[in-house]
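Enquirer: Heads up: the sequence lines are chains A and B, in that order. Counting from 1 along the first sequence, just add 1 to a position and that's the residue number in this note's numbering. Counting from 1 along the second sequence, just add 1 to a position and that's the residue number in this note's numbering.
These are computed hints drawn from the structure, not numbers from a lab. Predicted model, so just to flag it, every value in this text is computed and none were measured. Cβ atoms here follow ideal geometry from the backbone N, Cα and C, with glycine treated the same way. Hints may be right or wrong, so weigh each one.
What follows is a set of in silico ranges between Cβ atoms, one per label pair, in the way DEER data are often shown [unchecked claim]:
hint: 1; chain 1: B; residue 1: 50; chain 2: A; residue 2: 110; range: 28 to 34 Å
hint: 2; chain 1: A; residue 1: 39; chain 2: B; residue 2: 49; range: 31 to 37 Å
hint: 3; chain 1: B; residue 1: 13; chain 2: A; residue 2: 71; range: 35 to 41 Å
hint: 4; chain 1: A; residue 1: 71; chain 2: B; residue 2: 49; range: 27 to 33 Å
Reference listing, derived: stretches of chain B covered by chain A, where coverage requires no fewer than 3 residues with Cβ under 8 Å from a Cβ of chain A [what the hints assert, rightly or not]:
hint: 5; region: 25 to 32
hint: 6; region: 73 to 82
There are 2 protein chains.
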Amino acid sequence: MAYKQVIVVRADLGMGKGKIAAQCAHASVSALEKAEMENPGDVREWKETGQQKSVLKVAGKMELLELFEKVKKIFPTALIRDAGLTQIAEGEMTCIGIGPAEEREIDKYTGKLKLL
Amino acid sequence: MAYKQVIVVRADLGMGKGKIAAQCAHASVSALEKAEMENPGDVREWKETGQQKSVLKVAGKMELLELFEKVKKIFPTALIRDAGLTQIAEGEMTCIGIGPAEEREIDKYTGKLKLL
């Protein structure tokens with residue numbers, strides 16, 4: 002079985018490359034910490050097979066929240082809000098991190114999203 | 002004292018936003034894992050104070066390697082090579098993750114680099 006972590010980013014915030022990278026790193030670390038508590042076996046498999054990550058996008062806040070509400074019941078999931086020091090409003094939701102978990106399962110929810 | 006994690010990315014590879022975000026997430030997770038082994042107190046402080054991350058850039062491979070050789074003796078540091086499935090050559094070095102560690106100390110080595 003293949004495992005991956007998916008990070009889903011809002012494409013409507015006008016964030017620069019570095020800002021996006023920092024937000025995604027935050028999502029990756031936070032979702033991983035949850036996964037280590039909830040599904041350590043999945044995390045081990047994922048680490049041993051190259052730590053696959055996919056970074057996908059949604060059009061805006063509503064789409065991000067709708068996805069978050071669905072996936073948080075099924076996978077270790079982290080919703081990231083920006084600290085608001087630069088570029089965007091304080092507390093604005095920027096992205097979510099999902100898993101690592103079984104690729105086949107995550108794809109049921111994120112398989113139609115485009116790569117960032 | 003302030004703590005941060007710094008991620009330094011090569012600006013010469015023509016990586017897209019999503020690719021950069023995935024590589025930086027990898028660097029963040031890998032450097033954090035080293036820091037948790039080597040300096041758990043720094044990691045705790047960093048987590049409790051908002052997990053500050055800075056994403057900076059260097060012009061190319063030589064500059065990345067030179068920095069890596071310096072900082073790896075001082076901080077928990079991870080050098081990331083791309084798995085080469087998309088966009089760039091297999092095994093190409095893309096970025097490094099440094100810390101978390103004391104901001105003042107990291108800045109001695111990365112303070113002159115520009116934001117990505």
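Enquirer: It remains to establish, for every hint, whether it holds in the given structure.
Expert: Structure-based check of all given hints:
The hinted range of 28 to 34 Å is satisfied by residue 50 of chain B and residue 110 of chain A, whose Cβ atoms lie roughly 33 Å apart. For the pair residue 39 of chain A and residue 49 of chain B, the supplied restraint of 31 to 37 Å is violated, since their beta-carbon distance comes to about 22 Å. For the hinted restraint 35 to 41 Å between residue 13 of chain B and residue 71 of chain A, the CB-CB distance of approximately 39 Å keeps it satisfied. Range check, residue 71 of chain A to residue 49 of chain B: Cβ separation about 31 Å, and the 27 to 33 Å hint holds.
Chain A is given as covering the region 25 to 32 of chain B, and this holds because 6 residues of the stretch bring a CB closer than 8 Å to a CB of that chain, at least three being needed. Only when three residues or more bring their CB closer than 8 Å to a CB of chain A does the claim for the region 73 to 82 of chain B stand; here the count is 0, and the claim is violated.
The structure fails to meet hints 2 and 6 from the earlier list, while all remaining hints are met.
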